[in-house]
Amino acid sequence: MNISNEQVPLPPACEQALKALLGEDLLTSPETLAPYECDGLSVYRRLPSAVALPRTREQVAGALAICHQHGVPVIARGAGTGLAGGALPQAGALILSLARLNRILAVDPERQTATVEPGVRNIQISQAAAPHGLFYAPDPSSQIACTIGGNVAENSGGVHCVKYGLTVHNLLGLKVLDDQGRLLEVGPPLLEQPGPDLLSLFTGSEGLLGVVVEVTVRLLPRPEATGVMLLAFDHNEDAARTVGAILAAGLLPAGLEMMDRLAIEAAEAYSQAGYPDCQALLLVEVDGCAAEVEEQMVQIEAIARREGMTQLQTARDEAQRQRLWAGRKAAFPAVGRLAPDYYCMDGTIPRKRLPEVLARIRQLSDHYGLAVANVFHAGDGNLHPLILYDANQPGELERTERMGGEILRACIEAGGTITGEHGVGIEKLGGMCEQFTEAELKQMHAVKAALDPEGRLNPGKAIPSLHRCAELGAMHVHHGQLPFPDLERF
Numbered sequence: 019m020n021i022s023n024e025q026v027p028l029p030p031a032c033e034q035a036l037k038a039l040l041g042e043d044l045l046t047s048p049e050t051l052a053p054y055e056c057d058g059l060s061v062y063r064r065l066p067s068a069v070a071l072p073r074t075r076e077q078v079a080g081a082l083a084i085c086h087q088h089g090v091p092v093i094a095r096g097a098g099t100g101l102a103g104g105a106l107p108q109a110g111a112l113i114l115s116l117a118r119l120n121r122i123l124a125v126d127p128e129r130q131t132a133t134v135e136p137g138v139r140n141i142q143i144s145q146a147a148a149p150h151g152l153f154y155a156p157d158p159s160s161q162i163a164c165t166i167g168g169n170v171a172e173n174s175g176g177v178h179c180v181k182y183g184l185t186v187h188n189l190l191g192l193k194v195l196d197d198q199g200r201l202l203e204v205g206p207p208l209l210e211q212p213g214p215d216l217l218s219l220f221t222g223s224e225g226l227l228g229v230v231v232e233v234t235v236r237l238l239p240r241p242e243a244t245g246v247m248l249l250a251f252d253h254n255e256d257a258a259r260t261v262g263a264i265l266a267a268g269l270l271p272a273g274l275e276m277m278d279r280l281a282i283e284a285a286e287a288y289s290q291a292g293y294p295d296c297q298a299l300l301l302v303e304v305d306g307c308a309a310e311v312e313e314q315m316v317q318i319e320a321i322a323r324r325e326g327m328t329q330l331q332t333a334r335d336e337a338q339r340q341r342l343w344a345g346r347k348a349a350f351p352a353v354g355r356l357a358p359d360y361y362c363m364d365g366t367i368p369r370k371r372l373p374e375v376l377a378r379i380r381q382l383s384d385h386y387g388l389a390v391a392n393v394f395h396a397g398d399g400n401l402h403p404l405i406l407y408d409a410n411q412p413g414e415l416e417r418t419e420r421m422g423g424e425i426l427r428a429c430i431e432a433g434g435t436i437t438g439e440h441g442v443g444i445e446k447l448g449g450m451c452e453q454f455t456e457a458e459l460k461q462m463h464a465v466k467a468a469l470d471p472e473g474r475l476n477p478g479k480a481i482p483s484l485h486r487c488a489e490l491g492a493m494h495v496h497h498g499q500l501p502f503p504d505l506e507r508f
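Going by the working numbering, the first residue of the sequence shown is number 19, and it counts up by one from there.
Don't read these hints as lab results, they were simulated from the structure.
Remember, predicted model here, so these are calculated numbers, not experimental data.
Heads up, none of these hints are tricks.
The calculated label-pair distances, taken between Cβ atoms and stated as ranges, are:
#1 287 <-> 122: 30 to 40 Å
#2 31 <-> 128: 46 to 56 Å
#3 148 <-> 309: 21 to 31 Å
#4 456 <-> 37: 40 to 50 Å
#5 377 <-> 34: 57 to 67 Å
#6 219 <-> 310: 30 to 40 Å
#7 241 <-> 47: 46 to 56 Å
All C-beta atoms, glycine included, are put in the ideal place defined by N, C-alpha and C.
All chains should be built: construct the whole structure from the sequences, respecting the hints.
Given below as structure tokens:
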């Protein structure tokens, strides 16, 4: 673990210009910078050179223009809930926080849209839409804190992504500032004007291509009826097979989540959700008209019993539904009580490969001597193994990182990918080298260069250099693993 408390100041002329633009909203003292030294991946930390807290789009544009003039890199930051080091400071760079751009600009119930600034928290959109009988579908577990700008940067999902999709599937338009502070308006491609899908390109680009200053999202009508089922199993493999069987039957639940025993016990102790004593459980939510919900619940129960379900709980009213979801929503903080530290992974695999990948994770847990709590979006194969460790024990973090690398490799070998919704950041640069070819990485660098020619937007993140991949490839040959990034090389 590399922790740097040494502050590298901005060039004096740049700092002076930013101070004239932002006044007290430019932070430069070590005590005010400390909260920004990391995001949710706290094992990597670095004290920022400065933090800008603009209140308007014009101030954001001005800060970008000043940094462009003085050759200073810029790292956009939302709420700091990211789990891949995407908002990690870089020496000599400005952290550009968008948290104060937090207005809901418009809710249009007829068009079923909302237009918001990037600092609006995810849950606030649904709260604003609720009086109109509408909601915003993507709902990350951190939705009470994470911001829509960060959701766009990482293409966040949530427990309802299996039916309603990720952030990219619920976006209608973006307003983005480029590296010089110039405004770009990005929307979906039109049938009468075909061209590249820039909206999808910017979504999940981790701040490498521009700074989002306005987001227009699609709102959906609240379903007439909703039912939640808790399916308990004595074996993880039975639960995993049930996921595939539900989807193979042509059913599309609104949510389909899985938790293993360690995660269940932690969540129950934390939230008293009424979870049973079992090895694994599935939370299945179905919605639609009342008759459709009832029919689907009957079908799902039959499938689960055939695959080995041992217990069933159902919730048809809102209070029961919220109770069952409470444990899943609180799973990450709940697991945090089991060990001094945990490392959250984010691989995604084909759903039919769930049983074997879970078995592989169990083998790795035994091999490395580190407990793992599994809690994840089973419906779209997005795994979140939480590796428990103690960073105060010499060598334990390094062992945890090696095990994390092996889990991501297992995802790739199963036909999956190294990330589903947390992004690459600095954490998965080694995995990018393993998943993609040299030609593919060159194309990614070409897209980056086209939109950020000087490479000053969030440099060193998400796309590894070919030189780094060559080095890591050599290490892979000699040591059988791809190490996680060394902060000193970042």
